[in-house]
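K.L.:
Please construct the entire structure, taking both the sequences and the accompanying hints into account.
Residue-level listing of the chains:
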Amino acid sequence: MYDVIVVGGGHAGCEASNAASKMGMKTLLLTMNKNNIADMPCNPSIGGTAKGIIVREIDALGGLMGIVADKSHFQIKMLNNSKGPAVRSLRCQADKRVYPKVMLEYLEKNPNLEIREGLVEDLIVEDGTVKGVILASGEEIFSKEVILTTGTYLKANVLVGSENTPSGPHGEGRSNNLSDNLKKYGLNILRLKTGTPPRIAKDSIDFSKMSEEVGDDTYLTFSFDTKPVYDLNNQQKCYLLYTNDKTHEIIKSHLKESAMYGGYVTGVGPRYCPSIEDKVVRFSDKERHQLFLEPESIYYDEWYLQGFSTSMPKYVQEEMVHSLKGLENAKITKYAYAIEYDAVSSLQISPSLENKVLKNLFTAGQINGTSGYEEAAGQGLMAGINAALKIQGKDALILLRSDAYIGVLIDDLVTKGVTDPYRMLTSRAEFRLLLRHDNADLRLREYGYQVGMISEEQYKRLNKKKEDIANLMNEIKNLKLVITKDIKDIFKENNIEIPKKTMSYEELLKRPEITFDFLKKFTNFKYSDEVLEQVEISLKYSGYINKAYKEATKLQKIEEKQIPSDIDYSKVRNLASEARQKLSEVKPRTIAQASRISGVNPVDISILAVYLKKEYNKDE
Amino acid sequence: MEDTICAVATSLGVGAISIIRVSGNNALNIVSKIFKGPNLKKVKSHTINYGYIYDKDEVIDEVLLTVMLAPKTYTKEDIIEINSHGGINTTNKIMELLLNMGCRLAEPGEFTKRAFLNGRIDLTQAESVNDLINSSSDNQRKLALNNLQGTLTKKIRNLRKEIVSLIASIEVNIDYPEYDDIEVITKDILIPKLNNIKEQIKKIINDSKNSQIIKEGINVAIVGRPNVGKSSILNRLLDEDKAIVTNIAGTTRDIVEGSISLNGFKVNFIDTAGIRETTDVVEKIGVSKSKKIIKKADIVIVVLNGNEKLSLDDEKLIKSVPYKKRIIFVNKSDLKLKIMVKDDYIVGNSKNDDGLDTLKSSIITKLNLENITKDMTYISNVRQLDLLKKALKSLEDALNNLECMPVDMALIDIKNAWNYLGEITGEVYQDELLDTLFSNFCLGK
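These protein sequences, in sequence, are chains F and R.
Just so you know, my numbering puts 120 at position 120 of the first sequence, and the rest follows in order with no gaps.
Whatever position you read off the second sequence (first residue = 1), add 620 for my numbering.
Certain hints may be false.
Over 10 Å on every C-beta distance to chain F, these chain R residues come out as not near it, computed from the model [said to hold, decoys possible]:
{"id": "1", "residue": "T710"}
{"id": "2", "residue": "L725"}
{"id": "3", "residue": "K956"}
{"id": "4", "residue": "D1006"}
Here are the simulated lysine-lysine pairs, DSSO-like style, with alpha carbons at most 27 Å apart [said to hold, decoys possible]:
{"id": "5", "chain 1": "F", "residue 1": "K550", "chain 2": "R", "residue 2": "K818"}
{"id": "6", "chain 1": "R", "residue 1": "K1009", "chain 2": "R", "residue 2": "K813"}
{"id": "7", "chain 1": "R", "residue 1": "K1035", "chain 2": "F", "residue 2": "K554"}
{"id": "8", "chain 1": "R", "residue 1": "K1013", "chain 2": "F", "residue 2": "K83"}
Read the hints as simulated data drawn from the structure, not as lab findings.
Glycine included, each C-beta is placed from N, C-alpha and C at the ideal position.
P.N.:
The following block contains the structure:
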């Protein structure tokens, strides 16, 4: 008997099994193939806009993705560096061979975690409660909680042109019956689709015809706890190239042969990560589309052609690739394919990620309708934490939209549901100024510590940082810069307007062009760069940050307006029928959550609010 | 289940007919109990039906019933309107019968509230219904009607569309920083666009100043030294127009002597008694009371005695009124003119009504109100105006902040502007909104 069984060893499964076992749960991770743990079947990178911040949040909460990425990449950069601090985000090129290896090492350090191969085809269910899993062999394994992180493996079909093969990613097996069984137990199943571009042999690429994309020249890490281990000056390059008229011609003339346009696909593909044929069709006025070539690993010579995912037949893929500048003689080592798979309806999931229909069942990752390693890992972490908390008899950890991107992600899933694979974007977060890359630890470590994911030592470091920030804030209030002739000269040399009078460092830092880096010319600060950064950001953007906090507090107030779980929406008169149906399905916990449901209009919310007031607050 | 409500829709009093409106699921049942005529449950929707209202066996009134079935009605519920013969007693009796049969007396604004809650009208429309009912001049009615048809909503929606397309472009830049083919919304591109939207909002706000005038009327003060003929001018102006609305206290914040309807505008003459009765006007002119009156007034008519030379006091008085609200009327033209008449003076006398028409029309021209009602957007209340001002402020913040902040920061202000505009039309939900809103609505509609 296990406490927790995690089904699937992808990015969600790794975080889920790590979290549950770290919190003291006897955990079993079931995977179809041990060599495929933490596999990266698509792009060779971790992070990206918004996604990079999710990785930081995972790290802040004691998850693994950040640490493992730090140890396995060969290029890293900060995106949006020229923009404001709220939208900066890390992305690294992770080595597809190293990343899984490092992840497995970390998992195997957990004494409570057992990893086993096995294909799950059914659940043990009694009275709507899950009691364990049933393997393809018929073997039954019992547990208190089950977490499904099956990725794209449920009834997966790989599509290349008109070829349709029942198979998981790159020739792996698939689960044939699990999704049908879930349906039998009352879960709604949807069919989704995603795709991956072709891989190219390195020695067949003419890089001289493309422009280079290099890593940043300062050391960066995802994790708050690791020191950089990579060689700053020896980062691998990526390359930028474009499609052209000829490429578009080929795509247009063969369009009907693609799995997508030939009508061979039933699943719904991701809007934010379209195939190249989608791009050519939908943006027919664009003369070219941007592509990147990224190395998959330094241990083998395959390159990933980002932006070129397609479901065309192989011979058309050859033509398409060869039409690209620098790839005239390219050798395709793996053809692009589309993959369709079953997912569960996230509207049947509660914010703890436990299922509302089947008790003791959690789901995380692509099975919930998301796309992306980071989105999967973030959910996996929360599912693992909440499964453990449930066994411990404690309240679930539910992150708010103003706490974390992970909070936004899960709230969107369980409130709005998905029709196409969900990708995180910074624009989905209304409080992104609060949800920054730089402050993920300040936002979330406390939670991580409370649930037992963060060690005493990590917690001490966090508190020290908080103290340092407070102290520095105080110091610069009183520390004045007297404007002498020498100082004037330094301002002039740096092209910065000279202050008219003596000012405190605090006042100086509020001016947009003055940074700690510049002020270091006058004073030595005994604090870490991270501490300086926090103080600088909170001073420079204090106006906006305060506004955002105010808004967040306002939202929290509406979040506190609970909707009783026994509400009968058929009794709320005047609701639009779509709103009534959506509300009954989602069962929002608060007025605020209800207002985010698509198809529920402000008028419906007004009606609901009036009804609640009338029915439940009569005494007020 | 929502109960069925009723109220008198016309103003109570002596009138040719009065209309009682009944709305709700049970409207047909309830009215059938007191009506003899065609079977209401079988008549077609949107028909007028002749019959009698009975109290048991006693005929109360001969009536026409307008039957309108859900959903194509004002409240989207079944509605019956009872057209009865006017008179307080009959109307009250019918109301009493309805209440006895299970109707509930509608709360202020409840019909409109239901129309809003049932998705029949949006917020700006709901608000303008209130204005329509309370309107006391033609122009106000026109504007309120205009608004009911959604002019303001349309304008706000267009503004929101412009803003949201800006927001979307900026968001794409943030989420896809490595794609150099996408147009980057730089400050140089953004600032003129924001300025343009800002100007449009400003225009709506400016128009709203006129809305205020249309709603509340033009406030006119008549000032002058004693015995120059202020009272008789006022009396002539009020007397002459038979459509006088007299002694309406509280329609403006001032005490109004009387109001007239002028080219579709309501003109209120505000009480200047405080300075009229003093013997030494000029001395008093210097003190706060008169200053207040001049400030409150949209138009100040300075009356001079044409039969006397311009005195020092007259000059002081003229100077104390700003040019843009000042009209100078030279009275007593029936006597010998001893005053130097300047171009913009109006000459006449109250005895023979000379020059009074010119005086009246100058009130309209002085305020540039001749063309005002054709295409102006009507802001019906403080809530809308306040939100527009907040939206404007947010855009100004964005423009200011763009000077030293990255675009993605100013985006926060731009989004705020977008949200404030959404609150005006009710497209963005605000918690406290409903309670405050519906308490302002009139009874009966």
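K.L.:
Checked against the structure, which of the hints given earlier come out wrong?
P.N.:
none
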